[in-house]
Amino acid sequence: MGMTITEKILAAHAGKKKVAPGDLINAKVDLVLGNDITAPVAIKEFSKIGVNRVFDQEKIALVPDHFTPNKDIKSAEQVKILREFARRYGIANYFEVGEMGVEHCLLPEKGLVLPGDLVIGADSHTCTYGALGAFSTGVGSTDMAAGMAIGEAWFKVPESIKFNYYGKLPRWVGGKDLILFTIGKIGVDGALYQSMEFTGETIDNLSMEGRFTMANMAIEAGGKNGIFAVDAKTREYVASRAKRSYTVYASDPDAVYNKVYEWDVSKLEPQIAFPHLPENTKPLSECGNVSIDQSIIGSCTNGRIEDLREAAQVLKGHKVNSNVRLIVIPGTQDIWRQAMREGLFEIFLDAGAAVSTPTCGPCLGGHMGILAKGERAVATTNRNFVGRMGHPESEVYLAGPAVAAASAIAGKLAGPGEVGVK
Amino acid sequence: MSSNILQGKVWRFGNDVDTDLIIPARYLNTSEPKELAVHCMEDADPGFAGKVNLGDIIVAGKNFGCGSSREHAPISIKAAGVSCVIAASFARIFYRNSINIGLPILESAEASKAIAEGNQVEVDLSSGKIMDLTTGKSYQAAPFPPFMQELINAGGLIEYVKKRITN
Chain A
1 MGMTITEKIL
11 AAHAGKKKVA
21 PGDLINAKVD
31 LVLGNDITAP
41 VAIKEFSKIG
51 VNRVFDQEKI
61 ALVPDHFTPN
71 KDIKSAEQVK
81 ILREFARRYG
91 IANYFEVGEM
101 GVEHCLLPEK
111 GLVLPGDLVI
121 GADSHTCTYG
131 ALGAFSTGVG
141 STDMAAGMAI
151 GEAWFKVPES
161 IKFNYYGKLP
171 RWVGGKDLIL
181 FTIGKIGVDG
191 ALYQSMEFTG
201 ETIDNLSMEG
211 RFTMANMAIE
221 AGGKNGIFAV
231 DAKTREYVAS
241 RAKRSYTVYA
251 SDPDAVYNKV
261 YEWDVSKLEP
271 QIAFPHLPEN
281 TKPLSECGNV
291 SIDQSIIGSC
301 TNGRIEDLRE
311 AAQVLKGHKV
321 NSNVRLIVIP
331 GTQDIWRQAM
341 REGLFEIFLD
351 AGAAVSTPTC
361 GPCLGGHMGI
371 LAKGERAVAT
381 TNRNFVGRMG
391 HPESEVYLAG
401 PAVAAASAIA
411 GKLAGPGEVG
421 VK
Chain B
423 MSSNILQGKV
433 WRFGNDVDTD
443 LIIPARYLNT
453 SEPKELAVHC
463 MEDADPGFAG
473 KVNLGDIIVA
483 GKNFGCGSSR
493 EHAPISIKAA
503 GVSCVIAASF
513 ARIFYRNSIN
523 IGLPILESAE
533 ASKAIAEGNQ
543 VEVDLSSGKI
553 MDLTTGKSYQ
563 AAPFPPFMQE
573 LINAGGLIEY
583 VKKRITN
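Those sequence lines, one after another, are chains A and B. For the first sequence, my numbering begins at 1 and goes up steadily by one. For the second sequence, my numbering begins at 423 and goes up steadily by one.
Isolated chain B (complex conformation) (with noise of 0.2 Å):
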């Protein structure tokens, strides 16, 4: 695993943000990184992979990620250079599939609800403290269960089930 610090710019979404929001179902007849990460968020903010500078991270409010099991939607963002998603609670699919992955993500209710469009962060993985540089507040995202902790040590689930099956 890279860097457990993280910093970059904020970008904010709402609640109940979907996997067809975040990768549209028009794009899934290919499931390349480089292709998915052009068209994330298109349907939330068309401009978004435009913008978005490799660093950047995420701030969103409920249950992101509903809908489809679609991994194609965590691998977008993760193509598209966000380092990190916050929000204060995710879609069982998709915080699944975020560790299974290797995308970082954090549940924090506050960190959600303060953090502005466009300030800077910083989210150190390991403790899951995140910095808002902009303001100079910081919050504490819930911590991962042991096992959870285990599967993104080893680098996702295939590197964990790989291990088990030498073992």
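Chain A with its partners taken away, still in its complex shape (with noise of 0.2 Å):
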């Protein structure tokens, strides 16, 4: 019986020939996330277990992205604790405001996850570095600051489900509207504690961008990881930023999958995720006349050069809708600066669009775009939770680039094709 591509990263970094699902193991990591919200806990918990040193000071990866620039005193007071144990225990990978970006767009553009990996990081959507062929999940502080100390985390082997798609994508439907039409079709626990491997024609056509896209959010199908093989595009893209030796791990053609999904998308529509949860996907279609406040575009999910290509794409020669504020915050520096190389901040300036420095910000109600009571939001973010980008009587419609983009035009859900964009 052959094994997934995730139980051989699993067995290889536990040391083991084999593992099966239901397996309780300790496994080796490779890297150890953390942010301004979640490593301050586990900073706290790190100083009980008694150990002066890190596991390994190249190996920890700390970002305050979620907050950052400092949006108030004590969110400055949590970014000090996660500097000051970056330069007492040497931490290599300390990223400071002006070098940062959003963790999940910047740990793999900075090479520091690598195809076979497996990574733990302590913010839910770790699980973006599937895209890769890495095995990364989200853990809680507790494992952060163990991990910190001992190199190791205990896992529990997942069952895996295999998505596999096919077909060619319609024009303005990428990577978004594939995860948010697979998590309207399961649920928000239809992948609960399981391994979700993406597979199939469209997705050896999808880009890295949207691949990250659809591993950011495997979580919110309550999957353990989101997975996919690698490739040719995968190895172009860690070929510049990768400084040491990496392992491809590939899934056996007897692979046991718990389940198997098989959509022809080639006719898919653009997807929208209503309040307040990701499973309520609609197809635009049947989106009916929803005003908006706001749009934001940016975010884990979708703040990467492609999203704002995309994005600008559709804005190019459009002003934005009178009552909507649209915000478009690049993930990372890298992004930021190639973004406005190629013109994209001359597009998105003249349609009215604010243009933000990389955080999480809004996204989760933090800063940089919150709502007010009864105010609607389309977003590219991940999640549409009550009051999850301010007021609890506040709304997020979850959606990709294009219909942010063209839904600030219209002030309404829309798709490029009702704002005269083919």
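Keep in mind the hints are simulated off the structure, nothing from the lab. Wrong hints could be hidden among the right ones.
Which residues of chain B face chain A? A few of them, derived with a C-beta cut under 7 Å, are [claimed, not checked]:
1. Y449
2. T452
3. S453
4. V460
5. D465
6. E493
7. M553
8. F569
9. K584
Nothing here was measured: the structure is a model prediction, and the numbers come from that model. Backbone N, C-alpha and C define an ideal beta-carbon position, used for all residues, glycine too.
Both chains are given apart, each in its own frame, so use the hints to dock them into the complex.
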């Protein structure tokens, strides 16, 4: 009986030849991640363990990105805890404002996660790195603390679900639509405790950006990780970034899956998740007349250069509706610079959008675009829970960059076609 | 670990209670348990922190604690005085975090369905038996795998790791 890519990575890091779903293992980790919300708790727990060094100064990443640039005094104090810990313990990968980015855009870009790695992060969207053929999963602060001390974490080997997509995606339909469609089909606990493996012709043709977007939202279906096979696109992405060797794992043809879904997505429409769960998805044509007050383009889900290009293609020559605030947040400094060089900011500014420095900011209702009572936002982010972007009586509609941009022009949920963009 | 027998009044919540409902991100500029406790469950039930009493029990539907990895969620529940959470199922990071920090959680679809708000419930953590004292009915929670029981017995992950390092 064969093994899945997830089982192979877990087995290799646990020093075993074989693992099976349900096995409890202790595995070595290649990277431990924390941010300005989760790391302060982890640092407090770390101090209780009683070790005077971290397991590896190169294998810890601290990224203050949620409330940075510091939105208030308390946030500043939280970030100070990270900064001082990084200095004291010689953490190589601490990213200050000016070089930081949204963590899940930043770490792959810096070559800190490579195919075959095992990564834990005290952030639920750590599952993003599955796009690189790595096993990565979100944990809490205490797991992060233990990981920093001993370089290991315990795991229950998950069962795997295979998602097989075929057909050529229509114009303006991408990774975000595929994953929203998937969550809509299986529900917010449809992959609870399980590994989501994304395969098929459509995936082969999907960009790395699209794959990051899909892996990012595996947690929104309850998944432990989302993962993709390594191909020429992955190798090209890591070629200029990797500073160490890496191992490529692939699922065996006779690997065992708990379930296999097969979808023809050649006629898939842009998908929108209505409040207040990511599973409440509808195709664009069924959305009706939903006016919006704000549009957010950015986040660890859709803050990459391809996302910004897509938004710019829609916005070019258009004006943002006078009832809408459009906020564009490039995921990292490098993405910011690239967007600037390509002239995308010119298009955003001409349209009447605000361009922000990288931050998670509004996605979790932190800062840089909070909603008032009764307001509605369309966002390329990953969660539309009650109060997620501000007031408990505000609403978030999740979509891809093309819909977020078109909606900003239309003043209501809309696709590029509805604002005259082909 | 304190007593293995818990008793308290039940507060009911629905399916898919996410971590933003448990502790909204607008309060995450602190990690002080006492400050987090004041806002526990605020966006699901704005008055919750003010009315919950020490030892009370949360009973919820499926996928409790879905969403963010914020350990502030189980920390706020524990610091608010809640003695344990019973749900039909738990989201995986919340499950992990609760075990790691020592917030007792029990999985029982039957108890989750049947126990009404306001009932007095007794839980025996060592056997997983849930007793609804108001109705006299009892339920059996799913047992923890031995490794997790070991973590719980050690007093959480930090104590477990300390032991491992010493050995």
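Taking the hints in turn, this is what the structure says about them:
1. With 7 Å as the threshold, the beta carbon of Y449 of chain B stays out of range of chain A, its nearest partner Cβ sitting at about 10 Å, so the hint is violated.
2. With 7 Å as the threshold, the beta carbon of T452 of chain B comes within range of chain A, its nearest partner Cβ sitting at about 5 Å, so the hint holds.
3. Evaluation of the S453 of chain B hint against chain A yields a held restraint, the C-beta minimum of about 5 Å falling below 7 Å.
4. The criterion of a C-beta within 7 Å of any C-beta in chain A is not met by V460 of chain B, whose closest approach is roughly 14 Å, and the hint is violated.
5. Evaluation of the D465 of chain B hint against chain A yields a held restraint, the C-beta minimum of about 5 Å falling below 7 Å.
6. Restraint check, E493 of chain B versus chain A: the minimum CB separation of about 4 Å is within 7 Å; hint holds.
7. Look at M553 of chain B: its Cβ only gets to about 28 Å from chain A, farther than 7 Å, so that hint breaks.
8. Interface restraint check: F569 of chain B against chain A, minimum CB-CB distance 5 Å, threshold 7 Å, status holds.
9. The beta carbon of K584 of chain B is positioned within 7 Å of a beta carbon in chain A (closest approach about 6 Å), and the interface hint is therefore held.
Violation of the numbered hints given earlier is confined to hints 1, 4, 7; the remaining hints are satisfied by the structure.
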